[in-house]
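Novice: Protein chains in written order, with our numbering: chain D, 1 to 112; chain U, 1 to 112; chain X, 1 to 148; chain E, 1 to 148.
No lab work stands behind these hints: they were computed from the structure.
Among the hints, erroneous ones may be present.
Stated by the list, open to error - Derived CB-CB ranges, DEER-like:
| no. | chain 1 | residue 1 | chain 2 | residue 2 | range |
| --- | --- | --- | --- | --- | --- |
| 1 | E | A59 | U | E89 | 54 to 60 Å |
| 2 | E | G37 | U | R69 | 55 to 61 Å |
| 3 | D | G9 | X | D77 | 51 to 57 Å |
| 4 | X | H130 | D | G39 | 37 to 43 Å |
| 5 | E | A59 | X | S145 | 37 to 43 Å |
| 6 | X | G37 | E | A59 | 26 to 32 Å |
| 7 | U | E108 | D | E37 | 39 to 45 Å |
| 8 | U | E2 | D | H33 | 32 to 38 Å |
Claimed, not checked - Quick look at which bits of chain U chain E covers, simulated, 3 or more residues with Cβ under 8 Å:
| no. | region |
| --- | --- |
| 9 | 37-47 |
| 10 | 52-61 |
| 11 | 77-90 |
| 12 | 101-111 |
Quick caveat, the model's predicted, so the values are computed rather than measured.
Beta carbons are placed, not taken as given, at the ideal position from N, Cα and C, and that holds for glycine.
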Amino acid sequence: MEVNVEQRGGTSVVRIAGSVDGLTSDALQAALHQQIEAGATRLVGDLSAVDYTSSAGLRALLGTLKLARQRGGDLRLAAVQPGVLRVLELSGFTSILKVFPDVDTAVESFGA
Amino acid sequence: MEVNVEQRGGTSVVRIAGSVDGLTSDALQAALHQQIEAGATRLVGDLSAVDYTSSAGLRALLGTLKLARQRGGDLRLAAVQPGVLRVLELSGFTSILKVFPDVDTAVESFGA
Amino acid sequence: MTDRPADAPDAEIVCPARPESLAALLAFVAEASARAGLDRDSTFAVRLAAEEVCTNVIAHAYPNGAAGPVRLRFRRDPAAVLVTVEDLGIPFDPAQVARPAADAAWEARPIGGMGWHLVRESVDEVRHEHLPGGGNRLTLVKRLSPDP
Amino acid sequence: MTDRPADAPDAEIVCPARPESLAALLAFVAEASARAGLDRDSTFAVRLAAEEVCTNVIAHAYPNGAAGPVRLRFRRDPAAVLVTVEDLGIPFDPAQVARPAADAAWEARPIGGMGWHLVRESVDEVRHEHLPGGGNRLTLVKRLSPDP
Ligand SMILES: Nc1ncnc2c1ncn2[C@@H]1O[C@H](COP(=O)(O)OP(=O)(O)O)[C@@H](O)[C@H]1O
Ligand SMILES: Nc1ncnc2c1ncn2[C@@H]1O[C@H](COP(=O)(O)OP(=O)(O)O)[C@@H](O)[C@H]1O
């Protein structure tokens, strides 16, 4: 898994590539929380290149979502691939997380 | 394994802690080569907290030694613990690598 | 635990139920799925169910002291893949795990507790047996759609 | 490959001969050594020999295509530890590996080639057998000094 962060106005676009599983979810969570600790509480997760997630990935996303919202921001997702989207749906995450078709729309949703 | 670098005059003291094995040697080699690429070719490896090395660690050390010397510097070791020292001796590394009892002596050996 | 079948010497993995073993377990499942020619959806489903079950064995099967083994077998039948996960740990029947609430607001949503739910949604059947000498055997059955 | 002994169900590990499996193999050896009560020097020696042998099986045993299994067993006898490493790969007799030159100047010193030398120096005996169906069994014997 690889994580890259790009600033787009007041929003951090976190591009994740590869598999989010029990081997990689701690690194993802650390990268996401680091953004929030640095004050970037508006996060867009670009999941276009994520081919897999397990419940370990869900933990990282939910932990980040909670922290971001507690600080007045949010975590929103973009370009989620079908297999990963199914995991989000099965676990009820699509009812609490906003999912956008692409990164631009997700960034704009913050009203930049 | 953890790697920390501290600058002492013109010398980089690389403190390594833990086990250098097939799981960690790439990270060690990357940290050492990064120093050299950044121009710090005088390296002291502080091995006081290294409890284990396999041939994977020897590869990282020899690769670093060669690169440092080709750039006019050197890699010297300090405070090598008995088990690790035995591996260095068995593999003939003590005939090409300078080993010092402690970090200060190793740093001074560069004639700082 | 029984013998691995003589005709598939590389279709099992046995390792300590420790976090350090997870990479080996996942690599084994990935390789076995590729070798069995699973399509993308089945590969995802089997990987997910296997990861969740292995993670749970690693986290929960040996609460007291040193980790015992986890043994995973992968079998491709004509119409299904069977993944068997055995441990020698405390009795654990997944039928007892309640379905997590997935309708709480974000503030109240617990972090975790989704693993077994995902297993059940990913595969078609989950069988549980208590092993005679102690321990558990879980069999995950993923039915394969016939080639179009 | 034979069965694991019935009295030591967690004294073996079988996993794909792939880099992802190294962490599990090393964790297994560490845990088995601790459980067997080895002293520091023997723990180091067994770990080193096992790592070198496993790394070699991962790198060399299956040169053509998909990785087959590596199986490691750890047995503590009263006076020795026996570590057995089996693969189903190409025939490999370590007696054929030449002792590396350890006297070249640094410029000429090859990077690598030390693994088998360290194995031989770490343990007291190395046995090699070709397995009947193909593959290799290496047995590493580390004699233990009697308690003082
Ligand atoms: N192999 C096991 N042995 C014992 N208990 C288990 C095992 N697997 C799961 N459990 C129990 O079932 C619960 C639910 O598991 P799961 O749905 O995967 O969620 P989580 O692991 O995130 O809590 C665990 O918290 C644990 O108490
Ligand atoms: N399990 C094995 N199967 C086949 N060949 C092997 C095996 N182990 C070692 N070898 C061969 O023996 C050589 C020497 O091994 P070793 O001393 O560990 O050094 P290195 O692996 O660094 O080359 C290897 O380069 C390889 O050609």
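Novice: Each hint: holds or not?
Specialist: Against the structure, the hints come out as follows:
The hint said 54 to 60 Å for the Cβ distance between A59 of chain E and E89 of chain U, and at roughly 25 Å that hint is violated. Roughly 44 Å separates the CB atoms of G37 of chain E and R69 of chain U, a value that falls outside the hinted 55 to 61 Å. At roughly 54 Å, the beta-carbon separation of G9 of chain D and D77 of chain X lies within the given 51 to 57 Å, and the hint holds. Between H130 of chain X and G39 of chain D the beta carbons are some 53 Å apart, a value that contradicts the proposed interval 37 to 43 Å.
Restraint check, A59 of chain E to S145 of chain X: a C-beta distance of roughly 38 Å satisfies the suggested window 37 to 43 Å. A hinted range of 26 to 32 Å for the beta carbons of G37 of chain X and A59 of chain E is consistent with their spacing of about 27 Å. For E108 of chain U paired with E37 of chain D, a C-beta distance near 41 Å keeps the hint of 39 to 45 Å intact. Against the hinted window of 32 to 38 Å, the Cβ-Cβ separation of E2 of chain U and H33 of chain D comes to about 21 Å, which falls outside the hint.
Closer than 8 Å: that is the beta-carbon criterion, and the region 37-47 of chain U has 0 residues meeting it against chain E, so the requirement of 3 is violated. For the region 52-61 of chain U, the proposed coverage by chain E is satisfied: 6 residues have a C-beta within less than 8 Å of a C-beta in that chain, meeting the threshold of three. Beta-carbon proximity to chain E at under 8 Å applies to 3 residues in the region 77-90 of chain U; the threshold of 3 is reached and the given coverage holds. Under a criterion of three residues with beta carbons nearer than 8 Å to beta carbons of chain E, the stated coverage of the region 101-111 of chain U fails, only 0 such residues being counted.
The earlier numbered hints that this structure contradicts are 1, 2, 4, 8, 9 and 12.
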